[in-house]
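K.L.:
Letter by letter, the chains look like this.
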Amino acid sequence: MRWWRSLLIVGLGVAAGFAWNTFSGHGFVLGQSVFVQAGDEVIEAAEAKARLDRGALFLDARPPDFHKMGHIPGAQSLPEEGFDAAFAALEPRLRTHFNLVVYCSGYGCESSHIVARKLREKGIHAAILNEGWPAWTDAGYPTRAGAAP
Amino acid sequence: MDGRGLSDQGRSRALSVLSNRWLQLLLRLALGGFFLYASLDKIANPAAFAKVVYQWQVVGPVASNLVAVLLPWVEALAGALLIAGLWRRESALVVAVLLVVFLGAAASVLARGIDVENCGCSSVGPTKGERSFFEGVGTFLILRNLVMLGAAAVLIVVPPRPAAHPPSP
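Respectively, the protein sequence lines represent chains A and B.
Our numbering puts the first residue of the first sequence at 3, with every later residue one more than the last.
Our numbering puts the first residue of the second sequence at 13, with every later residue one more than the last.
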């Protein structure tokens, strides 16, 4: 067994990976979350809590059943699936509220980013809570249960 | 015949089977083919793979990006070398180390009760409908990786038996 060969395989793989990411056109920015795109405003839980205290309206991008089990106080359900119907019901309020925060299930959940982008396409800006619901509950911030906001 | 003699005989028989060059060829092609195939979709869609890696919740977002960009190329290279029969033991060692890391990560995911719909093992696209037994992190993935780890161990430890030459006339 020649150990250097195993190390060389790994080294060549690493070099090829970086080269592919840089030159292939399939690459992406490595230094930030892959979920974040240009135009996204991502805020941490502490900032989200401060905005809630200042009257921000929270939007729950998770499926409605998750919203019923527990949500951020005052949050309206605006799930990624069924967005159009939920948006139609909420649109008048969303167009007059200028402090919106959208969140989802955290860790690998993309729904909040997708909902924020759909809102942006309609001319509405919403910040995204980084790591979503688990970041909020881990910080010990208040929650509500049930269908009502 | 004492117990030790029987054990030695069994070991010798097992070694004889595992060193069969056709079995070794089969193991190389199967293992190398799987790793090479598994790398292709990830290489073509590194950003989608980064999302899958992050869903495992083993490493943070930036580390997930690095894994997504680098890992598939190591898989591809080791897989291609196994298929070609070059650096057989060394490339099998790389595959074995990767499999041990995958098994540890899968055990961590299962222990924490995290539901990963698509493990990203061979494709990064969305799963079809319900959580898939074959694509999620679960029993199937653990068993499959253990089988592949066994195959890699054979390639590392047991040298193939040279082809028998016909006796000279």
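Simulated from the structure, these hints should not be mistaken for lab results.
Given the structure is predicted, the values throughout are model-derived calculations rather than measurements.
It cannot be assumed that every hint is accurate.
[Stated by the list, open to error] Counterexamples of contact, computed for chain B against chain A with all Cβ distances above 10 angstroms: (1) Gln21; (2) Ile95; (3) Ala119.
[Claimed, not checked] To be clear about the criterion: a stretch of chain A counts as covered by chain B if any three or more of its residues have a C-beta under 8 angstroms from a C-beta of chain B, and this derived list gives those stretches: (4) 34-48; (5) 51-64; (6) 100-112.
We put the CB at the ideal spot given by N, CA and C, even for glycine.
K.L.:
Going by Cβ atoms, does isoleucine 95 of chain B stay more than 10 angstroms from chain A at every point?
P.N.:
holds, 14 angstroms
K.L.:
When I compare C-beta atoms, does the region 100-112 of chain A have three or more residues closer than 8 angstroms to chain B?
P.N.:
Coverage by chain B holds for the region 100-112 of chain A (3 residues, Cβ < 8 angstroms).
K.L.:
Is the nearest CB of chain A more than 10 angstroms from the CB of alanine 119 of chain B?
P.N.:
Consistent with the label, alanine 119 of chain B stays out of reach of chain A, its closest Cβ about 18 angstroms off (over 10 angstroms).
K.L.:
Would you assess whether glutamine 21 of chain B, listed as outside the interface, keeps its beta-carbon beyond 10 angstroms of every beta-carbon in chain A?
P.N.:
Glutamine 21 of chain B clear of chain A: closest Cβ-Cβ about 27 angstroms, beyond 10 angstroms.
K.L.:
Three residues or more, CB to CB closer than 8 angstroms: is that satisfied between the region 34-48 of chain A and chain B?
P.N.:
holds (count 4)
K.L.:
Counting residues of the region 51-64 of chain A with a beta carbon closer than 8 angstroms to any beta carbon of chain B, are there 3 or more?
P.N.:
violated (count 0)
Of the hints listed earlier, the one the structure fails to meet is number 5.
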